[in-house]
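**Q** Each chain, written out:
Number of protein chains: 2
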Amino acid sequence: MERLRIDLGPRGYPILIGPGLLEAAEVMDEAIAARDVLVVTNSVVAPLYLERFTRALRDRRVAPLILPDGERFKTLDTVAGVLDALVERRMNRDVCVAALGGGVIGDLAGFAAACYQRGVDFVQVPTTLLAQVDSSVGGKTGVNHPGGKNLIGAFHQPRAVVSDTDTLRTLPRRELRAGVAEVIKYGLVADPAFLGWIEANLEGLLGLDAGALAHAIRRSCEIKAEIVAEDEREHGRRALLNLGHTFGHAIETAAGYGEWLHGEAVGAGMLMAADLSRRLGWLEDSDVARVRALLQRAGLPLAAPPIGAVQALELMGMDKKVLAGRIRLVLMRRLGSGVVSGDYPPEALVETLRAHFGVTK
Amino acid sequence: MERLRIDLGPRGYPILIGPGLLEAAEVMDEAIAARDVLVVTNSVVAPLYLERFTRALRDRRVAPLILPDGERFKTLDTVAGVLDALVERRMNRDVCVAALGGGVIGDLAGFAAACYQRGVDFVQVPTTLLAQVDSSVGGKTGVNHPGGKNLIGAFHQPRAVVSDTDTLRTLPRRELRAGVAEVIKYGLVADPAFLGWIEANLEGLLGLDAGALAHAIRRSCEIKAEIVAEDEREHGRRALLNLGHTFGHAIETAAGYGEWLHGEAVGAGMLMAADLSRRLGWLEDSDVARVRALLQRAGLPLAAPPIGAVQALELMGMDKKVLAGRIRLVLMRRLGSGVVSGDYPPEALVETLRAHFGVTK
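Residue numbers (the numbering used here), protein chains in the order written: chain R, 82 to 442; chain E, 82 to 442.
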């Protein structure tokens, strides 16, 4: 079992990573102090893991709440339902809300825990690689609004995160690959040695080797925690975590909602960020080739929809006017060293978009 | 203008108290940094103050949101409506939510501000004495659930509180008196000198003398801030703020919901707490007479419904079993010195209840 402590003074918490943790009663004893537990999960995860997880909670009073699966249920209405469940079951302030599932479940359940009696205990048991490397750190919880994603929410730190790498065996391969894209992101923005490690251990990750997964999850969480902590001193450093996101957003929108997974779009977007960094003289041709090769080996799609540079610019939230003011993008000074910069010639961005979103001949 | 700074490190904020502040543009310039302001108010306060307040906001982009009046609208649904208004008006993270009204508006608007984009600026402009002395300090925001009061909420500190004492001119007299009961509470639990000051200045308070009101509000906020701050070291000290509440709850419930104002019930409950403290030998007969005289001069009702001691006990959440374990009550060691104690003989409580809830002959 790998173990990482997120240091936030009195709100600090452990991240426990390894195979079989979900059914390990002694792990749950460390993670959950409460006698009452509301387990929030969904209709896909519940048949797979709810029983085993409940058994690991032993003689606690456990109430399960099984929500429908999908991002479209990440709404304030669903949170109201979680709060109703807490009230109806007469859970007092000592309750712990446990999120068993992916990022949607974690965001929803965490926000409900933040609001119930102005904040009760919350434990994450993420069952997707994306949630294990992304949602475990940063304290962001919340829901979508018809007017925008994650517009409603709260910062609420979990009391513990338990990442059971065995749960990735039931994760669709495509989602596993999208999670690997996020792992690669941490290497690209912050740690060249970790990037090298990923290159050397990619088969282990995709083959669900428990040791490789645990190391990748641990190091990803560590890097995210460092960047989030530094953000309080160096304002804006947290934006590094958005490597590939602005490009990726254009891909997701161009392809139509739900066609690309978020992690897939970020993966292809990271290649574009590498390409633009090369055009600025920050990366070598060989660096970009290295990024492309790694993403390809991970089985990630790289061909953006052929919509042309002008439309791609628009989908990135830019037009000629904004372009002159230059929107800030996450780029790379070197592989393993991200930088947030608005300081690039507009033509370099247009050329990058032309190369990747170019209309096919 | 009186000025008090609530010291919470980076989350500290000023409380500005005095006549005419609501329409003072320079006061609003200090309180509100944002260019966009969503003013949350209700159908009773809006016709009285919305226009003047909006004028004081000068060239900011101001959007008003007028909610129906009443505690029964203090729900998650209403908060969802406030969030919708923020999204529909495309307010970004730099918006300020201003609560113009009493405690219900402050709790609702503050919770919406806590949840919008994980927390935006929030300014309180309380227009009732109760809100000016109670809701201004402590950071509690939230709404009711059919299963209980204030079950859903967040801690979210305001950026500033602007208490315009002139708004009390339009407050129903009965609500003013209920607010005075809360002011007396601060004297009784924490400051004998302030208690003496209230006795000497009660006519000024009830006569809406601006200087007397400003001092009473300022000192009440100061005392609440001290108690809330001490609570982090001395756990449970915050419970002192509940002087009269457990007795008061029995009164409110016995009389039927809405018959007694909360402050009125707390007032009569404080007299019962004084009486029980006397039976424990902590207060003199003359102390209790002094409390009674002050509450009577304030025009507060003191005659609890004649339901008998047994039912009163039940309404306090006690039965014979709990009584043996003795629920903790806020009592007074001396006038001006509250104490939270479960260490009293059960008979003393029963006698107190018999004296106040006794069935009339």
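It should be emphasised that the hints constitute simulated quantities derived from the structure, not laboratory data.
Treat the hints loosely; a few may be bogus.
Here are some of the chain R residues that sit facing chain E, going by a computed Cβ distance under 8 angstroms [to be verified]:
| id | residue |
| --- | --- |
| 1 | R153 |
| 2 | F154 |
| 3 | A161 |
| 4 | V163 |
| 5 | L164 |
| 6 | Y197 |
| 7 | Q198 |
| 8 | H226 |
| 9 | G228 |
| 10 | G229 |
| 11 | A235 |
| 12 | E395 |
| 13 | M399 |
Restricting the straight-line Cα-Cα distance to at most 30 angstroms, the calculated cross-link-like pairs of lysine-lysine (DSS-like) are [claimed, not checked]:
| id | chain 1 | residue 1 | chain 2 | residue 2 |
| --- | --- | --- | --- | --- |
| 14 | E | K221 | R | K230 |
| 15 | R | K221 | E | K221 |
| 16 | E | K230 | R | K221 |
A virtual CB, placed ideally from N, CA and C, is assigned to each residue, including glycine.
**Q** Taking the hints in turn, state whether each one holds.
**A** Quick rundown of the hints versus the structure:
{"no.": "1", "hint": "R153", "result": "17 angstroms, violated"}
{"no.": "2", "hint": "F154", "result": "16 angstroms, violated"}
{"no.": "3", "hint": "A161", "result": "6 angstroms, holds"}
{"no.": "4", "hint": "V163", "result": "11 angstroms, violated"}
{"no.": "5", "hint": "L164", "result": "6 angstroms, holds"}
{"no.": "6", "hint": "Y197", "result": "7 angstroms, holds"}
{"no.": "7", "hint": "Q198", "result": "6 angstroms, holds"}
{"no.": "8", "hint": "H226", "result": "5 angstroms, holds"}
{"no.": "9", "hint": "G228", "result": "4 angstroms, holds"}
{"no.": "10", "hint": "G229", "result": "7 angstroms, holds"}
{"no.": "11", "hint": "A235", "result": "6 angstroms, holds"}
{"no.": "12", "hint": "E395", "result": "19 angstroms, violated"}
{"no.": "13", "hint": "M399", "result": "18 angstroms, violated"}
{"no.": "14", "hint": "E:K221 - R:K230", "result": "26 angstroms, holds"}
{"no.": "15", "hint": "R:K221 - E:K221", "result": "20 angstroms, holds"}
{"no.": "16", "hint": "E:K230 - R:K221", "result": "26 angstroms, holds"}
In summary, the numbered hints that this structure violates are 1, 2, 4, 12 and 13.
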